[in-house]
Structures are given as structure tokens and as C-alpha cells.
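> Listed below, chain by chain, are the residues.
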Amino acid sequence: MIIFFFLARETARGLWTLSSVPPNLRAMLRYALKRFLSLLISLAVASLVIFMVIEVAPGDPASFMLGLNAQPETLAALRSELGLDQSRPERYLEWVGGMLQGDFGTSYTYRTPVTEMIGDRLWVSVPLALYALFLSVVVAFPAGIYAASRRGRAGDVGVMGATQLGVAVPNFWFAMILVLIFSINLRWFSAGGFVGWDKGLFAGLHALTLPAIALALPQAAILARVMRSALLDVLGEDFMRTARAKGLTARQALWRHGLRNALIPVLTIIGLQFSFLLAGSIIIEQVFYLPGLGRLVFQSISARDLIVVESVVMLLVFSVILVNFLVDLAYAAVDPRLRART
Amino acid sequence: MTLLDVSNLSLSIHGLRILDGVTFSVAPGEIVAVTGESGSGKSMTALAAMQLLPKGAKTTGHIMLGDDDLAQMDEAALCGMRGNDIGMVFQEPMTALNPVQSIGRQVAETIRVHEPSVSRVEAEARAADTLTRVGLPQDHFPLSRYPHELSGGQRQRVVIAIAIALRPRLLIADEPTTALDVTTQAQILALLTRLAREDGMGLLMITHDLAVVADMADRIIVMRKGQIVEQGETQALLHNMQHPYTKMLFDASRHEVNLPAPPAPKPLLEVKGVCRDYHLPRKTLFGAPGTFRAVDNLSFTLNRGERLGLVGESGCGKSTLTRAILGLEPVQEGSITVDGQPVFTGTQPNLAVRRKMQVVFQDPFGSFNPRHRVDRLVTEPFHLLDNPPQGAERSRAIDEALTAVGLRPADARKYIHEFSGGQRQRIAIARALIIRPELILFDEAVSALDVSVRAQILDLLADLCSHYDLTYLFISHDLSVVRTVTDRVLVMQSGKIVEAGETAQVFDAPQHAYTKSLIAAAPVLPDLPQPVG
Amino acid sequence: MNRNLFLGAVLTSVFLLAALISFVWTPYDYAGLDIANKLRSPSLAHPMGTDHFGRDILSMIMVGARTSIAVALVAVGIGMGVGVPLGLWAAARRGSLVDEVIMRGNDLVFAFPAIVIAILITAVFGAGAINAIIAIGIFNIPVFARITRGAALSLWQREFIMAARVAGKSAARISFEHILPNVANLLIVQGTIQFSLGILAEAGLSYVGLGAQPPVPSWGRMLADAQTMVSIAPHMALMPGFAIILTVLGLNLMGDGLRDLLDPRLRVART
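Protein chains in written order, with my numbering: chain A, 1 to 342; chain B, 1 to 533; chain C, 1 to 271.
Hints are supplied without guarantee of correctness; some may be wrong.
Computed list of lysine to aspartate or glutamate pairs in EDC-like fashion (alpha-carbon distance at most 16 angstroms, straight line) [to be verified]:
(1) B:K516 to B:D527
(2) C:K169 to B:D450
(3) B:K247 to B:E499
(4) B:K247 to B:E37
(5) B:K225 to B:D450
(6) C:K169 to B:E37
Just so you know, these hints were derived from the structure itself, not from any lab.
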């Protein structure tokens, strides 16, 4: 336990040194601008891809949505509503233009603006993914560092074994088991549903805790392994030897020199993790009956409501691209070589 | 009073004997050089003195620094000594510094680790002083610089600064200049000598370069296979070598070969006005990318049967030139012709011309695909032939090539990892010879070899010259080697040839300032008469 | 043969065998309803118990293994088959337009998690095992492309590649003769890992109904069915869960073992 607290404190201290280094501002800005441009291009291409896939829907989207027995008038009405009488490029630009203004169209099945439907649910899915990311980092970092510092000994073997298992567990299955133990038997948490943020931050988080833990488990296992292997790689580097030759103890060398260098590959993984977490949260919502984007999109698939599907997918992809952009910025904060390369 | 007194030091790692009964001493202000070939244990001796040995290492014996026995101290006490009483400088400057920390911080850290009461500001001031001492003044090298913004020589100075920041009593330098250019090497060695004399610091210098040793050291220790074979005061030892191994080592370093006389000049390779530009990454988002001129209006002629040397330091463009000659990279201007035919027609390399050239690379470990057998490796150039030999003829060609370089035909069935570095270079030479090219390029071909192995390869070259009438371009940064295996030499700097002429002449009476500085910087083994018997 | 490899191979073979055997024999008909015997806990007659329709869970697991393994295998095949050549190509033409396009393409596909691709595809084409395969396969492509490109790039710097170029070999020929065999080990290890990830992905997709459709059994869907019964019949959730865990664990152990087995030899070859 003491070790855990010590490690947690050292992690915090390590992360703090990250922020205390003043980066060369102009170089950072140039780099950020370049990444931002990259972000815009990715978004544009992604939106194009999504649009094209929906377009490829066999046959007429209107009859696809309405079914075989639809009346010609209803079909025509829907077609003009969907803007199908316009050319494809026009429809694409209209869609993108609408999105930029926050208008995602109107759901055919529910007859409400998609923006409204998404709004509330976004506040469930994204906090859940972030909560899970936080839990996963908080568990994985100390575990990975501990394993790297005890390489080959019992502590390392233990952590590796645990992570091996953790990686193999499907998060939604783990969620079910958690519900079985903590909700049904122990009654510490409710078995499902979301009370809503207006009941307070703590209540909201409480409802999201079990799902976040379930989501976080396999990701934490992966991240711990990555952290360990990144640290072990760094430990073999020449500058670690220079640090020891200065008179730093092995532990000091690891924290002051090794960790920040190991963070670079770890950051890549965290960026990827967010996309997996978002994907996972969609699935986990089914276990906990959370009113998030997952339930929405699956219902829409069954209802063949392409407008909603299109919008939700675009939103998910957007968050992933955005998080990757933030990770790129974090890279430059950690590694000065990147700033120079622009 | 000796500073460092190593007595009967034996070291084994996971049961494997590395050092055996090593005994020597270093006095304050004295420069002691430990030399030997790879596997001699010299680096391990240095690491043992710092007690920075790998896991599984067991030492016996005493390492006395003043009154303290380093071999008996616990880790905490050792951490107190490292950086404070003993400093160490390592071989690879490019990777020796933490890439994400500024140089000021890394130097100041030595101070702050051992004197925690010192404020950050004061530590940085002292770091600035140390950096100035090693030749990196703040006006050109502010403390906020990062390692990647410095050259190899500059980084090595930072490493030295880190090591001497607290004026340790002993400085250990493990091959500190091996990875550096000749001129940079001279500067760093001068720096180390000056620091040792100024601070009265003992300097334990590990190097395989005997010329450096002869130049710099007060005393020499020769090691072989974990044991000291001979040691003594430099001049005395050089004039009166006792052990046959020492004699062999020095002879090999001075080794000269006799090449057969070259025939009357008839041009084979003609390089005329060649320019090669590289695009640099954009500085601003919309600005035009800059260009870097690696080879600048370069011309020379290589005659048939001639052995031409090309010397230059890193970054002078010799690698680019090599690739251009081989037809691996196009040139922007100028022409390269072999026997009158251009190496490139349009943008495509001319295979008929390529057939006339082959190359031997520097790295005996990286120049072969680890998954192929020697017979396949040696016959790779057959790809250039229209009718490569098959079956029995092919085997004969392989056997002939291998025997010519001193190996056996049976070696053809082995994998490359079964051979030593010297043997691999022989195989590389076999590969270069097998299609009887008219021209061979030796690109730093002996630079990565031990001194004794190098001597053997040079002998092989001389032998091949007389048997096969070789024409070659010998590219190297090692002046002593170039001196003995070439008839003419070109000196290259920043993409241009600054001097050309007969080897002996250029070396004895250089004209250009750069050539002069190069030759002055290169340490030379003195020509010593040996006592009879 | 080290411990990881051995253990992993044993675990994986168990499920592989189960899947193969299921083609000719299962203890009971996997689709056979037997309401009278519903929700039985594991016993001698039904080693894994029965579900809410009385179907034998062991039989369902065996047949479900087919689905999981088939989907994951084909998806890895797609990923490798498309990704590896793309990676080799990008590395051979480093810095050129081709390289840029492939890299950007990778990044783009990475922005679409497998589930999102699956959502898109099924929304348009309907749910089913084929679409699950395509979705997971598409996501595997940039994984292999990126790894291949990275390894190939460092190999291109090696001198033996330059020797091959001096021998006049074209980039394509070098890629296949020299580069590919030297990255093969890396790909084998990554292949087993992606295989295990594929099984997890397939389970997730079937759980939400986007994978194989009834009557084809699948472990993920078994878990979806088990959800409402988890308090009264936990074995319904535990059994498919264990099946997934053990298969994935087996594959990951095999991957680790293979890495240990193949890497040292490479390292010896390079000394």
C-alpha cells in the first residue's frame, strides 16, 4: 500500500515536471498550426467517406428507410426532405454546412432535430470514456512503472500475469460480472440506468463508475504493458548510463530521465485508447442501460434511420480525430525534437 | 600517493571470465591509457572502476580510490562517489544525453545531486562556468539548448562537462573520440589533456587507437583477453616492447603494404562537374523548401589499375558521391562515366555500366542479409549479368571467390553469423570480386575492424592487386590506412575536392589549409627503432 | 519451446479442436430447444449447463468457436493481405506521394474504430458475419501497414539492402526478397495478437447484434442472451465469457512465446 502511494506521488511529481518546462513558444505554435491543418483535412476526408458509404446504400435511401410497402407520395416527400433531388455534391455540402452550424438534420423516425437527441447522450458517452481513460491511466502507470523497476522478479511477473488476463477479458462481460457482484449481491451500485447530471456531479459519476471500471480494465492492462516495455526500452539507452555515472541512484535515474522519454510511445497508445474507449462505451451502454450514443445508434440501425446513424458516426470520428490532435500537441510538449522538426 | 590503485581485479559475468588479475595504478594528474583490441576487457575495466557493471557481474580484488575500496562499497556510497570523485565519459556522444532535457539542466544536475543545498540558480551558474571551460560559451550555446541542436563533438563536450562539473579526482574516458571526426577528435583529446593538467585530475583513457595513446598518455597499459600483457611509461614502452602481443599490436597499427606499380594512366572513371542537391524540410508552412548542396561541381579521373584514395570528414559529401558513382542516386548536374559510358541514362541507372562496379561497405555486421547463406550472398551481383553462371559453373565461381579472399569453399554453406568481423569483410570482398568488375569502391571498408584484422585485410588487398590488377576507390577518414593502400589521394571538404595528388606528396607536403589541418590533427604513431633481439 | 508458447498453443488448440470437431459432432444439437431442461446449472449431463431455451451450452460454445475463429482469421487475413504490401510499398517509396497517401489513409482508418465501421456497414448493408469480417478486416489494414512500414524503413537503411541495390535489384524485388523475410517474424507475432483482438471484436459486435445472426451461434450473442438471466443463471454468462478469455489468453501467450522464440535467433544472426 505504501509503495502504491509512493508511486502515485512520484507519478504526479513526474507529470508536474512536464508542465513546468517552458516550450519554445513560436516553434510550438508553428507545430500546432500544422497539426490543426492536418485535423481539418482528416475531418473533411472522414466526412466524405461517411457520406459516400451512406450513398452506396443499395437502391433509393428513401425506400430503404420506409420499406417496401411505402406509398409513392410518402417516398417523394421523404426524398425531397432528404434533398435527394439535389445532386450529390450539393447534398454533401449542405450536410457539412449544416453540421458546422450545429444542425445535424432531423431524425426521420423520431421527427426531432438530431442535435437535440445527440446533445443529452453526448453528455453520457463522452464523460464515460474520459472517466474510463482516467481510471485506466491511474492504474496502469504505477503498475507499469512498478513492473519495469522490478524486472524479472516476483512483482514484474505478477503484474505481467495480471495484465495478460486483463487484456483477454471482454469489457462487456466484465461489466456483467461487476453488476452481478456489486449491484445485485452487494447493492453498492444500481444495476443500470443513469440518473442525470442535474442530480449532481457525484451522483452522475457514481452511476458511471461501474461502467467506467469495466471499460478501463482491459485498457489499463494494455497501457500497463506498454508503459513497462517503453520504460524497459528507455532503461537500456545510453543517457541512462550517463545519469548513473553522475551519481543518480537507479530509481532517481528512472524517474528523472527515463519516465519522460518513455512517455513518448505511451502517449501514442493513450490517443489510440480513447478511440477504443469510445467504441467500448457504445457497447457497454447496453449492459447498463445507459442513455448514451450507443443505444441511440443501435436503435437507429434497427429503425433504418440513416440520418441519425450518419450524424452519430461523424461525431464519434470527430472526437477521435480531436483527441489525436491533442495527443500530438502533448507530444510536442514532451519531446523538444518534434518542435524543431515542425 | 596514488589516486587509483587497482589490484588483482577479476570480473566474471554470469560465470564468464572477463577480467583476470588486473593490476595497475593511476597517479593524480597522470594520463594512463588502456589499450587493446575488442574483447580485451578494457571497457569492462573502466565500468568496473565506476561499479556500473551489468547484472550478474561478480568482482574480486580491490579498487582503491584514495582510502576507499570501490569494490567493497555499497550502492549508496558509490552513488556519492560517482560524479563527485569519479567522472566518466562514454563513447557515443549522439546518444549519451537525455534528448528531452536542456544541456544546462543536465550539467547542473550533477551539482545538485551531490550538493542538494545549492540553489537552482547557483547550480546553473556553475553549470555555465563548466560549459565554458569545455569550450561551449553561453553566447553561442545557451543553457537552454537541447542535445539535438548540437553536433557530435559538441555533445561530447557536454558529456565531459557533466563529468567534471564537480572537479572529480579521477576521470575515466571510454573511447571518447572513436565516433568523432579526426579534427574534432584532436580538439576533444586536447581538452581532456588540458583538464587533467589544470585540475590535477587523473585521467584513465580507454582507446583502441595506438596513435592516440602514443601521443597523449603518460603510461600505457596493453590488455588482451581480460589480462594485462604489458604496462609501463609511454616512451619506455614504445622503445622497448617486451611482450610479443604488444609488438604485434604496434606493428599492425603501423602496417604498410606494398602495392604493385600502377600501369600507364588510361581513364576508367570520369567524374565531371557533378552537383548533387538535397531538399531540406520546409522552415515555414508556405515557404519554399531549401536545398543543401552535398556535392559541389566535383571533378576527378580514376585511371585503370590505379588505387585512388578519397579522404574527408563526416558531412563532406563522400557518401553522397559514392552513391552517385554507384548509380544509386541521380545527380542534378554533371556526368559520371565509366569507360566513356554514363552511369545514368535519363533517370534510369545503366545496368551495363553498373556491372563494371562493385562496392565493399563499412559494417561487416550489417552488410549481409542474416537469413541467407554465404553462397547466396556472394552471388548477389550475378543479378547484373545477362547470363549468370548456373550449376557447376556457379559453384566454381563461388569457390574461386572464397579462396581468393582466404576462406574455404566449404564456408559457402554457412550462415553469415557464424563468421567474425574480419571474415565477413573477406566475404564482402569476395562478393565484390565475383563478377570481375573493373572498379571496386571501398567505403570505409576497414574502419570497423580491429587493428590486427585490419592489417590482414590490407595484406589481402595488396595480394589481390597483384593477382587481379584491381582498380579501386578507397574512401576513408583514416589517414594512416589511406596512406598505405593508395597511389593518389583526393581530399574532400564540404562537397568539393580541395586537394589532389600523389599520396606520399599530399601527406608529406600538403598544400591546402584544410589538408594541413587534417594531417596535423591526425595522431601518428612514431617510427621507433626497436632494439635487436 | 518456452512456457508461454507451450501454454498458449495448448489453450488455442483446445478451442481450435472444439471448433473443428463441432462440424461432425456436438454433445447435443446446438439449436435443439428443450424447455423442460432450461436453465440447468452445470452437471454431468450438461457440463456447461443449459440456457433459457434448454439448449446445451457446451454445444453452443463449440459451434460458436467456429464463428469467432473464422471471423477473426479472415479479418487478420484481410489486414495482412492488404496491409503488408501497402506497408512495403510505402517504405520502398519513402517520402514520395505514395508514402504520404498511405500514411494519411492509415490515420484516417484509425480514426474509425472497428465498431464504428461495423455500424456504418451494417446500417447500409444489414447485419451479418460477413459484414463483421469486413469491418474488423478494414481496421486491421492500417495496423499491419504501419508495423510493416516501420520495420521496413529501418531495414532499408541497412547496408545489405544497399548491396542489393548495387546488384541492380529493383525496389519491388528487394522488398520481397530481402525485406519481407526479415519482417516476417514481426508479422507472425502481430498476427497472433490481431487474431486475439479479432475474437474480442467479434464478440463485441455479436453482443450488440451486429455480428453473426441467428441461428448461427456466437459467443457474443450468447452473452447478450445471458444478460437478463445473470442473477438466476450466472453460468450462462460465465461459460461464454471463459471461452472468450481462454481463447484470447491462449493466443496472446502464443504471441509472446513466438516473440521470445523468434527474436533471439534474429539477434544471434545479427551479432
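> Hint by hint, say whether it matches the structure.
Okay, the hints, checked on the actual structure:
no.	hint	in the structure
1	B:K516 to B:D527	20 angstroms, violated
2	C:K169 to B:D450	32 angstroms, violated
3	B:K247 to B:E499	35 angstroms, violated
4	B:K247 to B:E37	13 angstroms, holds
5	B:K225 to B:D450	14 angstroms, holds
6	C:K169 to B:E37	37 angstroms, violated
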